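All chains, please: the whole structure from these sequences, using the hints.
Number of protein chains: 4
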Amino acid sequence: MANETIELTGHIVDSLLLAKVLDTIVEAGITYDLIDVEIGRTNTDPSTARIEIEGDQAELDRLVDELQLHGANRVSSGTTTLVAAEMAGVLPAGFYSTTNLATDVLVADEWVPVENPEMDCALVVTDGRVRTLPMHRVLVGDQIVVGSGGVRVHAPAKRRGASAFEFMNSEVSSEKPKALIVQQVADRIRAAHEAGGKVLAVCGPAVVHTGGAPDVARLIEDGWIDVLFAGNGFATHDIESNVLGTSLGVLLAEGTPAEGGHSNHLRVINEVRRHGSIAAAVAAGYVVDGAMAACVRNGVPFVLGGSIRDDGPLPDVYVNTAEAADAMREHVPGVAVALMLASTLHAIAVGNCLPAGVETFCVDINQAVVTKLADRGSHQAHGIVTDVGPFLGQLTIALCGEA
Amino acid sequence: MANETIELTGHIVDSLLLAKVLDTIVEAGITYDLIDVEIGRTNTDPSTARIEIEGDQAELDRLVDELQLHGANRVSSGTTTLVAAEMAGVLPAGFYSTTNLATDVLVADEWVPVENPEMDCALVVTDGRVRTLPMHRVLVGDQIVVGSGGVRVHAPAKRRGASAFEFMNSEVSSEKPKALIVQQVADRIRAAHEAGGKVLAVCGPAVVHTGGAPDVARLIEDGWIDVLFAGNGFATHDIESNVLGTSLGVLLAEGTPAEGGHSNHLRVINEVRRHGSIAAAVAAGYVVDGAMAACVRNGVPFVLGGSIRDDGPLPDVYVNTAEAADAMREHVPGVAVALMLASTLHAIAVGNCLPAGVETFCVDINQAVVTKLADRGSHQAHGIVTDVGPFLGQLTIALCGEA
Amino acid sequence: MANETIELTGHIVDSLLLAKVLDTIVEAGITYDLIDVEIGRTNTDPSTARIEIEGDQAELDRLVDELQLHGANRVSSGTTTLVAAEMAGVLPAGFYSTTNLATDVLVADEWVPVENPEMDCALVVTDGRVRTLPMHRVLVGDQIVVGSGGVRVHAPAKRRGASAFEFMNSEVSSEKPKALIVQQVADRIRAAHEAGGKVLAVCGPAVVHTGGAPDVARLIEDGWIDVLFAGNGFATHDIESNVLGTSLGVLLAEGTPAEGGHSNHLRVINEVRRHGSIAAAVAAGYVVDGAMAACVRNGVPFVLGGSIRDDGPLPDVYVNTAEAADAMREHVPGVAVALMLASTLHAIAVGNCLPAGVETFCVDINQAVVTKLADRGSHQAHGIVTDVGPFLGQLTIALCGEA
Amino acid sequence: MANETIELTGHIVDSLLLAKVLDTIVEAGITYDLIDVEIGRTNTDPSTARIEIEGDQAELDRLVDELQLHGANRVSSGTTTLVAAEMAGVLPAGFYSTTNLATDVLVADEWVPVENPEMDCALVVTDGRVRTLPMHRVLVGDQIVVGSGGVRVHAPAKRRGASAFEFMNSEVSSEKPKALIVQQVADRIRAAHEAGGKVLAVCGPAVVHTGGAPDVARLIEDGWIDVLFAGNGFATHDIESNVLGTSLGVLLAEGTPAEGGHSNHLRVINEVRRHGSIAAAVAAGYVVDGAMAACVRNGVPFVLGGSIRDDGPLPDVYVNTAEAADAMREHVPGVAVALMLASTLHAIAVGNCLPAGVETFCVDINQAVVTKLADRGSHQAHGIVTDVGPFLGQLTIALCGEA
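Residue numbers (this note's numbering), protein chains in the order written: chain A, 1 to 403; chain B, 1 to 403; chain C, 1 to 403; chain D, 1 to 403.
Treat the hints with caution; some may be incorrect.
Note that identical chains are pooled: a pair holds if it fits in a single copy or bridges any two copies.
Claimed, not checked - In silico DMTMM-like links for lysine to aspartate or glutamate, alpha-carbon gap of 20 angstroms or less:
1) K198 x E115
2) K198 x D326
3) K198 x D61
4) K198 x E330
5) K20 x E38
6) K20 x D33
7) K198 x E118
8) K20 x E4
9) K198 x E221
The hints are simulated quantities; they were obtained by calculation from the structure and are not laboratory data. Since the model is a prediction, treat every value here as computed from it, not as a measurement.
If you want it as structure tokens, here you go:
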């Protein structure tokens, strides 16, 4: 076991630097000890923190490297190691890889600032000067800094004041490993059930259009969904796809418009209205399969909230929006996991009703929808930018096994 | 076998109406006979077409219903059938479902225009007047039009002249049944191979970030991909993920950033540069798995085109963009199917080089990217708005079987 | 005045080719005469059309060039002109610019197919063979085809049958000249008013967030908007921004969150509820400025449709969605232009109620929203992919002058 | 002047709570004094902070209200004020507006937990129990909590460990007041120039397509842009639009495709190649207006980086991507503000070369592009999700005055 002491200075509390540093240490599974913290009493005083970290030396080295991205340095900076490049365009192994922060290198016992900070470069020392160098420009004999000894970075200053625009960050992105995410959502659902919590699914019409409704039905039948919120569109297309094989008139088995299919959703709504309720239509054998039938047969409660764009609507739809929201509130106690599935309107409406402690996953192909939910105050939500149909297919296999 | 004669009138050629009507008939699998076409000689003369369709009566009825959306009517309009509603809020079965086009109904031998055209409504006749009625407002005893007898619609006029903005249509949409689309792409790839054509894959870095690179590798190993185009990013992250387990520093097995991982891609590029080429790095055992190694081992040619944002780059990357495009052109002859996988830049570049006869599928989670390819002239491309990682997972199962 | 005869052959009706050709001719302002049309009687017979076009020779040349993109050729193809390149990498002026269609060139009285079709290239003839050549590869002395004489293209065959995916096209794109589009929308609004039609504005909350609400107010005051549809969100944020200077708690004058601002919308709703209606709150002086106050003072009717995500809601909101839709229907007769301003839900709901003859503009920064409206059947809508705040600012200047 | 002491407890450092609280205080312009901080030495110990804030009592009240969103409470919680509702559906003025955090209310000297936490509600006390109540359900006589006295919230626990998905936040959103943002960008540009810094514009082709190129030209002529980076597309379309009036063949003055326009960009590239350089083409009078001509005439340096999708390219384009990046690096020293204008590829490439201290604004209509820049490490970038054409129009007016 080795240990290192790192130091952070500046407006490290209100600029979030200290928090990010501690966060990075914890994520790395490394033990830390805050050995010295002086927090400025007022917002004009700088603060300083010294943190001791302990662990395997190789892990500590990687961590220290990572912490430099946030402006933290080793207290004892060590000495600079220079290695001459042996091939043009190729760096020595273990080269120091730059950040875009202001950086100093210890050259002949003096801290020399890097002249042209640029990320993802190497540092080359020539005649006591230090410059960044992109890999392809390295020449044989160039003196390259190796390791992080003798290198320190300066914490970035946070800009204050004018910020109608915001600092960008990429927390909601489509570029994530998706198979892994499906496994993690499945794990949370299992954990919620083991702890006695309920799982709520909030479904938009795109669940049906992208072919995901049979998966929702299977999740209901296998007991993974305990309550379902949706609108007239989801319920209608789910029933339409099972009674007539189409969704908004498009044949789900072939992906092409059915002749005369444009009025299919109206005909289905009309027949369910004739039966008086979805449950009655299921009992009469008019609706046999699909998510809504699965709810009826398995006693899974559902709330269909009305909207001004509804055709019909189905007899179970709450046309009074205040009553719809109140009906949803009845089912909120006990919910531990909420899945928002491709439903902007319902996701925001339901998000408004959920306590912060409910683990919420918002799945949508459109990043803007995922962002909008957080804009409306549901900061606890996790965004998953993906296509809801394939997502539900994989989630169902993860929870129910291959069909 | 029954037959019907339908009629279409107006600017039916240059407004695309005749084409859409014939297209709809063909898609429905119905045989037609153009029995009378008078096309106006100049662009101010209207045209008329009479089309005889033949088939099963129920199918013809559905087709005629569909054709009304385009403004086509039965020549013999038949007589209007009125049925009184028996329940409030419920329409008689077989009710005529409206379009938003101007519509007439034959009432007492006179064509009476519908007063308030609105789509997805019923038609109610009262005191010789005809109005649309949404389902929820129907009352017991209302005289509702059933079937399409006695109903005719007017073809919409196409607006001309000022159109910096364009008519909207929804040909590229994320709301499609995705499992079906995967099967169809798999079928096209199989058909291309059976006919002796080559399959080209164009891969962007998001293929790796979303977990799709092992699928690309498997498709290559099983012989489904014959040539691969990509950039420095895809190849680097593919190798990084196999050598170090990360993609842009994110652990693919856990989805979380690796400590020190931010420089992983640079270190991998540096080592491959040291080996001199990807093939040499594979031969030396530095790269064992992944899409690039699969190309090397299976003799599948690849072209890596450079871009100004490249780090490194890898030694195989063409840094001269004109040479890169020329290198890609060498592999175009014989390509029958091109898969553009989450790659804006390369998709457009490759699209520019492909003959119109190459069947092209452009897969991206971002609808704007898919649209941009067509903007650049590749009108033959099919857009698939979905998440590339899960798409590749399903495509691989469809072609290679369960892993 | 010159004239030319062009010919088109193949499945030119149901593949839309004839329509596109006529469309292109009309758009170019050229007079045409369909001198010979043979339309196959059944869907297996090919069709042929010969079209005479008349106009200025230079314009005809440009038009013929354009028509080749659709597979139309001159009946008399003329003779091939070859010009030797005089500079490496530079083509002779007037060079023939290729499409990606299969193409033949008349060489020594024989039609020679181009060996490697690729768009945006030149054609070079060598030893009786014809190849495409990208500009940068041309060498001094290369024999380059100049003009379209002696060149013919083959109409693309339309693929049929399997099309869960669709051909891409770019009709809805953000890459359009926006200042021009604003002028055209302003022209349509003026034309509608001159013809006695009404202008309907449908407003989403983003109109307020992006700073566009004062523009809507000014358009109302100057008489350009005759009826307004919105939801609880738009009306609340409009009032909040005028009473408290915030929108969802963000200070509109500074773009930063106000302290305690997160409950501002609730406090405003509560006070308007205390007054009993928006009109009463305006009469009492609680609400002075903004779009809703402008409606009240200028007698412009408005309908606020409720949704399940509403806080409050404001007393004027129809919480019953069926009643909301019916209330909107009351105002539809007479509407000639509808502006859908950043409102997914209301745009689709209102689109459902409008006859096809209403000129509809759907403005949203998100291309998927614009597409969705067409998916729901409102094919007459024009999509404008832009930021609604700046759009309204420019539209207001175009209609009301500088403020 | 009043003062208050607030308290925060839990994992307040590594969960970012302390930082957010201090940040909120500073943003509010309030003076604070950290009177007592105990930070747990290891990552399993909780921390506590007491903060004294001083200012106007009304401001302090608003601030305390805001701080409760982060889980901070007054040390002396005060006493609960209950006011009976006087109207059904209307709350007493000053009602306590809830968060979705776990919350306690002091009732008869005991802390009673709120039974059903939900945001944007009131708190009602009945028989010693406390519940949230949406506004529309309040009845006459309900005892409603007014003010924040006697209310405390619990800091949310940060979830740890599994996070391939990330917490959502909305820092990059299109829903921002845009006119204000334009002013702020203009202010930053002015400030940079006053301090002797350079302004760099990075332009994508959409700048031309959306009508923004004349604005870029004017900004160059008036001295607001000191260096320009772009690709072959931007330069070509800028020249095409000035020489031929089209952009990718679309007439910019009318927004409709020009006949024969599809090859315009090739013809323009060909002629500039004939001249040998853009500067030569300007000198010869072939190119008179536009951004590139403005650069030449005003001595503003530009770098055109090549890409594999380039037609031609123009003679000034660096076809070697490594040389292109190196050429850009030459101009980086001294840059204080960078404007990334609708250019994914170039924005990321340039972002890679800029030190963290360069103020970077990334303008794009597509939120995913803005996010992608941060994904690649340019955390200093501010995202502005808007339409680049109108944005440039307004920025030019802000800096250069009305044209």
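Hints and how they fare:
1. K198 x E115: Intra 58 angstroms, inter 17 angstroms, cutoff 20 angstroms: inter-copy only.
2. K198 x D326: within (18 angstroms within a copy, 38 angstroms between copies)
3. K198 x D61: neither (44 angstroms within a copy, 38 angstroms between copies)
4. K198 x E330: within (13 angstroms within a copy, 44 angstroms between copies)
5. K20 x E38: The answer is both: 17 angstroms in one copy and 18 angstroms across copies each meet 20 angstroms.
6. K20 x D33: For K20 and D33, the Cα distance is within 20 angstroms only inside one copy (15 angstroms; across copies 23 angstroms).
7. K198 x E118: between (50 angstroms within a copy, 17 angstroms between copies)
8. K20 x E4: For K20 and E4, only the intra-copy Cα distance (18 angstroms) is at most 20 angstroms; the inter-copy one is 28 angstroms.
9. K198 x E221: Only inside one copy: K198 and E221 sit 15 angstroms apart there, 44 angstroms across copies, limit 20 angstroms.
The structure is inconsistent with hint 3 alone, although it conforms to all the rest.
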